[in-house]
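Listed below, chain by chain, are the residues.
Number of protein chains: 2
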Amino acid sequence: MARQKMQIKIMQNVLAANDSKAAELRDLLQRKNIFMLNLISSPGSGKTTLLEKTIPLLQDKFKVAIIEGDVETDRDAQRLEQFKVPVALINTSGACHLESVSIEKAFTSLDLDNLDLIIVENVGNLVCPAEFDIGEDAKIALLSTPEGDDKVIKYPLLFREATLAILNKIDLLEHANFDMQAFYADLQKINASLDVIEMSCKNNVGLDLWINWVEKKILLKIAH
Amino acid sequence: MARQKMQIKIMQNVLAANDSKAAELRDLLQRKNIFMLNLISSPGSGKTTLLEKTIPLLQDKFKVAIIEGDVETDRDAQRLEQFKVPVALINTSGACHLESVSIEKAFTSLDLDNLDLIIVENVGNLVCPAEFDIGEDAKIALLSTPEGDDKVIKYPLLFREATLAILNKIDLLEHANFDMQAFYADLQKINASLDVIEMSCKNNVGLDLWINWVEKKILLKIAH
Numbered sequence: 008m009a010r011q012k013m014q015i016k017i018m019q020n021v022l023a024a025n026d027s028k029a030a031e032l033r034d035l036l037q038r039k040n041i042f043m044l045n046l047i048s049s050p051g052s053g054k055t056t057l058l059e060k061t062i063p064l065l066q067d068k069f070k071v072a073i074i075e076g077d078v079e080t081d082r083d084a085q086r087l088e089q090f091k092v093p094v095a096l097i098n099t100s101g102a103c104h105l106e107s108v109s110i111e112k113a114f115t116s117l118d119l120d121n122l123d124l125i126i127v128e129n130v131g132n133l134v135c136p137a138e139f140d141i142g143e144d145a146k147i148a149l150l151s152t153p154e155g156d157d158k159v160i161k162y163p164l165l166f167r168e169a170t171l172a173i174l175n176k177i178d179l180l181e182h183a184n185f186d187m188q189a190f191y192a193d194l195q196k197i198n199a200s201l202d203v204i205e206m207s208c209k210n211n212v213g214l215d216l217w218i219n220w221v222e223k224k225i226l227l228k229i230a231h
Numbered sequence: 008m009a010r011q012k013m014q015i016k017i018m019q020n021v022l023a024a025n026d027s028k029a030a031e032l033r034d035l036l037q038r039k040n041i042f043m044l045n046l047i048s049s050p051g052s053g054k055t056t057l058l059e060k061t062i063p064l065l066q067d068k069f070k071v072a073i074i075e076g077d078v079e080t081d082r083d084a085q086r087l088e089q090f091k092v093p094v095a096l097i098n099t100s101g102a103c104h105l106e107s108v109s110i111e112k113a114f115t116s117l118d119l120d121n122l123d124l125i126i127v128e129n130v131g132n133l134v135c136p137a138e139f140d141i142g143e144d145a146k147i148a149l150l151s152t153p154e155g156d157d158k159v160i161k162y163p164l165l166f167r168e169a170t171l172a173i174l175n176k177i178d179l180l181e182h183a184n185f186d187m188q189a190f191y192a193d194l195q196k197i198n199a200s201l202d203v204i205e206m207s208c209k210n211n212v213g214l215d216l217w218i219n220w221v222e223k224k225i226l227l228k229i230a231h
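Chains A and B are the protein sequences, given in the same order.
Its first residue numbered 8, the first sequence is counted upward by one per residue in our numbering.
Its first residue numbered 8, the second sequence is counted upward by one per residue in our numbering.
Honestly, I wouldn't trust all of these hints.
In this list, chains with the same sequence are indistinguishable; a pair is considered to hold if it fits within one copy or across any two.
[Stated by the list, open to error] Derived DSS-like pairs (lysine-lysine); straight-line CA-CA distance at most 27 Å:
| hint | residue 1 | residue 2 |
| --- | --- | --- |
| 1 | Lys12 | Lys112 |
| 2 | Lys16 | Lys28 |
| 3 | Lys28 | Lys12 |
| 4 | Lys60 | Lys91 |
| 5 | Lys112 | Lys91 |
| 6 | Lys16 | Lys112 |
| 7 | Lys68 | Lys196 |
| 8 | Lys28 | Lys39 |
| 9 | Lys209 | Lys16 |
| 10 | Lys60 | Lys224 |
| 11 | Lys70 | Lys60 |
| 12 | Lys209 | Lys39 |
| 13 | Lys68 | Lys16 |
Please keep in mind that the hints were generated in silico from the structure rather than gathered at the bench.
Based on the sequences and whatever the hints tell you, model everything.
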C-alpha cells in the first residue's frame, strides 16, 4: 500500500510538471498565432489516413505542420513525406502517450514563425493520451465503427476532454457490431456538448465537414 | 534531462518490483496447476467477444475463471455474467495496463484450488500491457483486420512477447486496408516462431484451432 501511495504521488508530480510545461507551450502558440490539434485514437482507427486526406485540402490556404508520435518506428511519418509539409517525428521509446516536453522538443525542428496549424498525431491509445495536456487548443477523439459502440463509456476521459469526436469507417457500419443509438446515448451522458462528425476517410464522406470545422477554428484563433 | 533520467530510474524500479511479484504468482500457479493466459489487444479488436465464444467451449472440460481488466467500467464483466464462471474485475482507475499486484489482488476472490485455466483480459492497449509481466504462462496478441497490417511493426514488443497471435475479423478482410502478405512478412521479421490463428469470432471461423491450442497448453502444463 505504501508503494502504491508513492506511485500515485510520483504520478501526480509527473502530471503537474507536464501541465505546467503544457501551459508554457499554449502561451507560445498563442503568441505565434498557431492553432494546434491533438489527434487521439486506438491503433488503426485511421489517424494517419485522416492526415493524408486533410493535408492536401488545407495546405493551399494554411501553413501546416505535423507532429508524429510513434512508439518506435517512422512508418506514419514516412506516409506523410509526399505532402512536402514539415513533419516532426517523436519516438516515445516505448511510452504509450506524448508529453508536453516531447512537443517542446519537436517545436525546435519547426519554424513557428511560419505556421498556422499543427496537427499532432498522438500514440495509438485511448487511455493515457487523454491524461496528458500537450498545450493543444483541442483534442480530437477518433473512433472507428469496427471498434464497437461501447468505447465512449469504456474510455470516458477522452470523450470528456475532446472538443470534437470523429466516427470513422462508417462505410463498415453494416458489417460492424456498432449500435449508432447506443453510441449517441453514451455521448449524451459523457459529454452532451461534444461535436460529432461521421466519416468515411476511404470514401471521402464527412471530410468537408471536418475541413470546415478546422478552418473555422483556425480563423477564430488567428482573428482573436 | 535530469528529470527524464529520474523518470527512467523510477520506471525501472516499477518494472523490477512488478517482475518480482509476477515471478511469485507464476510459482503459485505452478503449484496450483493452473494455466494462465494474458489476452492483449487494441480497444475493440474482440477480446470480450472471444471470451464469450471460448468459455462455453471449455467450461465442460476445465474449471475456468476470468480476470477482467478495465479502466473504470464493468461493461465487459457484465457481458460474461451469463456463463456462470468466476469473473474477477480489476478497475485500473485510469491506468492503461494491468500489473502483477492487481492480479494478486484478483486471486484473493478466486478459488485457486479449484481452477485449471485463468484467462486475463488486459486493458485495451498495445503498448504497456506488453511491458508488464503478470505471471501468465502465455501472452496472446489479438489483432483485427480493420486495424491495418502495420500494427506488428508499429507495436513490435507485443508480438515479440506473445506465444500466439490471433488475427480476428477476417470476415472484414475484403473491406479492410489489410495486406495479408505484408502482415506475415512483418511477423517473420519480428517473431518468426509465433503461432498465428486467423479467426472470425462473428462467424465461428478459427475457433476450433484456438480451443485446440488452449486445451493442448493446459494439458501440457497439468501433465508436467
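The hints, checked one at a time:
1. In this assembly of identical chains, the alpha carbons of Lys12 and Lys112 lie at most 27 Å apart only when taken from different copies (16 Å versus 31 Å within one copy).
2. Taking the closest pair of Cα atoms, Lys16 and Lys28 come within 27 Å of each other both inside a single copy (19 Å) and across two copies (21 Å).
3. Taking CA atoms no more than 27 Å apart as the test, Lys28 paired with Lys12 passes in both settings, with 25 Å inside one copy and 17 Å between copies.
4. In this assembly of identical chains, Lys60 and Lys91 lie within 27 Å of each other by CA distance solely inside one copy; the values are 14 Å within and 48 Å between copies.
5. For the homomeric pair Lys112 and Lys91, the shortest alpha-carbon distance inside one copy (21 Å) is at most 27 Å, but the shortest distance between copies (52 Å) is not.
6. In this assembly of identical chains, Lys16 and Lys112 lie within 27 Å of each other by CA distance both inside one copy and across copies; the values are 26 Å within and 21 Å between.
7. Neither within a single protomer nor between protomers do Lys68 and Lys196 lie at most 27 Å apart by alpha-carbon distance, with minima of 37 Å and 42 Å respectively.
8. Taking the closest pair of Cα atoms, Lys28 and Lys39 come within 27 Å of each other only inside a single copy of the chain (17 Å); across copies the shortest separation is 50 Å, beyond that limit.
9. For the homomeric pair Lys209 and Lys16, neither the shortest alpha-carbon distance inside one copy (45 Å) nor that between copies (44 Å) is at most 27 Å.
10. Only within a single protomer do Lys60 and Lys224 lie at most 27 Å apart by alpha-carbon distance; the minimum there is 18 Å, versus 46 Å between protomers.
11. Taking the closest pair of Cα atoms, Lys70 and Lys60 come within 27 Å of each other only inside a single copy of the chain (16 Å); across copies the shortest separation is 50 Å, beyond that limit.
12. In this assembly of identical chains, the alpha carbons of Lys209 and Lys39 never lie at most 27 Å apart, being 34 Å within a copy and 51 Å across copies at closest.
13. When the C-alpha separation of Lys68 and Lys16 is checked against a cutoff of 27 Å, the pair qualifies neither within a copy, at 46 Å, nor between copies, at 46 Å.
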